[in-house]
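Which chain is which? The protein sequence lines are D and F, in order.
Counted the way my numbering counts, the first sequence spans residues 1 to 261.
Counted the way my numbering counts, the second sequence spans residues 1001 to 1261.
Careful: at least some of the hints might be erroneous.
Said to hold, decoys possible - Lysine to any residue pairs mimicking SDA-like chemistry, simulated, CA-CA at most 20 Å apart:
1. F:Lys1088 <-> D:Glu134
2. F:Lys1023 <-> F:Asn1045
3. D:Lys72 <-> F:Pro1238
4. F:Lys1089 <-> D:Arg91
5. D:Lys89 <-> F:Gln1135
6. F:Lys1088 <-> D:Thr112
7. F:Lys1088 <-> D:Lys220
8. F:Lys1088 <-> F:Gly1215
9. F:Lys1220 <-> F:Gln1135
10. D:Lys88 <-> D:Gly216
11. D:Lys89 <-> F:Glu1057
12. F:Lys1072 <-> D:Arg91
13. F:Lys1004 <-> D:Gly216
14. D:Lys220 <-> D:Tyr114
15. D:Lys88 <-> F:Asp1093
16. F:Lys1023 <-> F:Ile1005
17. F:Lys1089 <-> D:Gln135
18. D:Lys88 <-> F:Ala1090
19. F:Lys1089 <-> D:Ala90
20. D:Lys220 <-> D:Thr112
Claimed, not checked - Reference listing, derived: stretches of chain F covered by chain D, where coverage requires no fewer than 3 residues with Cβ under 8 Å from a Cβ of chain D:
21. 1013 to 1026
22. 1099 to 1113
23. 1240 to 1248
Hint data in this document are derived by calculation from the structure and do not stem from the laboratory.
Virtual Cβ for every residue (Gly too), placed ideally from N, Cα, C.
Protein chains: 2
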Amino acid sequence: MSAKIRLYVDHPLGAGQSIPLEKDQAHYLFGVMRQRLGGTVALFNGVDGEWQAEVTEAGKRGGTLTCREQSKPLQMPPDLWLIFAPIKKARTDFIVEKAAEMGAARILPVGTEYTNSERIRQDRLQAHAVEAAEQCGGTYVPEVSDLQKLSQMLDHWPAERQLMFCDEAEVGQRLFLDVAQGNALGGGTGADRSAGELVDPLSSQPWAILIGPEGGFSDKERKRLHAMEQAHVVSLGPRILRADTAAVAAMTLWQQTLGDW
Amino acid sequence: MSAKIRLYVDHPLGAGQSIPLEKDQAHYLFGVMRQRLGGTVALFNGVDGEWQAEVTEAGKRGGTLTCREQSKPLQMPPDLWLIFAPIKKARTDFIVEKAAEMGAARILPVGTEYTNSERIRQDRLQAHAVEAAEQCGGTYVPEVSDLQKLSQMLDHWPAERQLMFCDEAEVGQRLFLDVAQGNALGGGTGADRSAGELVDPLSSQPWAILIGPEGGFSDKERKRLHAMEQAHVVSLGPRILRADTAAVAAMTLWQQTLGDW
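Could you build the full structure based on these sequences and the hints that come with them?
Dropping the structure here:
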């Protein structure tokens, strides 16, 4: 048996485990998707992989699913953060959806000097990440963090985490491929180090991708980023990309070169 | 002088050339963007590059712009087609916008066996491509074709145009990088030919990217595509991508490897 419906549940999964359904889950499964007793649903919780579960109770206000067999183990994405400055609602939603699809491990919205001080609805963005995981067949759901200031994030930047930094002002500069292959590493990185030192190990290190805000980085931010030892400045081609496009393009380059593609 | 406002006009551009404004353009420039006599606007028409133009007449129902100097030559994108099966309205709009930003030369919606026979509004999609070009600083606007059947398009496939074919059924199969570098070319292409024959020249040939429909290709379509001499089957990683995500990811791989990035 292999279910067409995939559902994220906040509940432990394992052989014989019963999962009580909340009212809206019951409405979705039995009302919208017309599932009946004995029907099969794929479940994942971000921890225990994917399980095929059988509908063992169905009601208007609730129901129960019972886990039968594991259909996928937990597949962790690479240790990649996606950091971005929130923009208009639809495009922010889109970036979170795409980050989950493309296999980011964590999604971090940041405020920059030129970002409008918009609030974000962390719970709504997290729900988008869950929905994207349900759709793309993932067994892991990236955590969406609360909004924080970029400057504060950089104050506490983890020493070992490499940073792929997409600078609009560097349009046409250099390809990520060169960075990843260890060619000419000195050119775009903040620190002086020999290329040989970094060949290969880059792929085994934790990474983050930082997408510039729509208004660009301030000079102060740009200087600080360029000076970081972990920073790798990359180009995303000769045309200016919107932030949401840049997010997908940067993750593609990273996944292809250093990730799990 | 360098204008912040970029406008696409369907009119020849050149030194001293006067461009009469239509009512809605006048409303946008003078009503919404508060431009006045003597203000500067960047113009492009997809043919003559980008020109800085001065507002030489401004009225409620019209006005005139006069070209002063060329600020960018025409930058043609590589000869890349993006072929996709229309999906929900918002995501179809998104694919067209992204194709223009990412530098596709032509955008071709196709109906496949598993596509709902939705119509498209070619004029609306073309307007999206224009708007994306205005935003991304491009001087070229890709043409959005009318909807046609995939099978008919393949009946008349140009012999020299290579096809990057993203097959959901091939998730995890092979990287485009391998294709582009001419490694193991025999594996994923329809025809038998030696790898050496195709190394390098690939980048000088016209290309197309075909994004699979949400419902996947039919067996018949898949067989036909795999048998094409020009087809290169590529993987977009271990997670299933939505069609709009796949479009951006595939164009990223192509632009980085064979295009103008």
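Here is what the structure says about each hint:
1. F:Lys1088 <-> D:Glu134: 18 Å, holds
2. F:Lys1023 <-> F:Asn1045: Between Lys1023 (chain F) and Asn1045 (chain F) the Cα gap is close to 18 Å, so the pair holds against 20 Å.
3. D:Lys72 <-> F:Pro1238: 13 Å, holds
4. F:Lys1089 <-> D:Arg91: Holds, at about 15 Å.
5. D:Lys89 <-> F:Gln1135: 18 Å, holds
6. F:Lys1088 <-> D:Thr112: 33 Å, violated
7. F:Lys1088 <-> D:Lys220: 42 Å, violated
8. F:Lys1088 <-> F:Gly1215: Holds. Lys1088 (chain F) to Gly1215 (chain F) sits at ~13 Å (cutoff 20 Å).
9. F:Lys1220 <-> F:Gln1135: Judged against 20 Å, a Cα distance of about 40 Å means the pair is violated.
10. D:Lys88 <-> D:Gly216: 15 Å, holds
11. D:Lys89 <-> F:Glu1057: Between Lys89 (chain D) and Glu1057 (chain F) the Cα gap is close to 37 Å, so the pair fails against 20 Å, i.e. violated.
12. F:Lys1072 <-> D:Arg91: 29 Å, violated
13. F:Lys1004 <-> D:Gly216: 15 Å, holds
14. D:Lys220 <-> D:Tyr114: 11 Å, holds
15. D:Lys88 <-> F:Asp1093: 17 Å, holds
16. F:Lys1023 <-> F:Ile1005: Distance of about 17 Å is within 20 Å: holds.
17. F:Lys1089 <-> D:Gln135: At roughly 18 Å apart (the allowed maximum being 20 Å), Gln135 (chain D) and Lys1089 (chain F) satisfy the hint.
18. D:Lys88 <-> F:Ala1090: Roughly 15 Å separates the two Cα atoms, so the pair holds.
19. F:Lys1089 <-> D:Ala90: Holds, because 14 Å separates the two Cα atoms, which is no more than 20 Å.
20. D:Lys220 <-> D:Thr112: Holds, at about 11 Å.
21. 1013 to 1026: violated (count 0)
22. 1099 to 1113: Answer holds; 3 residues pass the 8 Å Cβ test.
23. 1240 to 1248: Per the Cβ count (5), the hint holds.
When each numbered hint is compared with the structure, violations occur for hints 6, 7, 9, 11, 12, 21.
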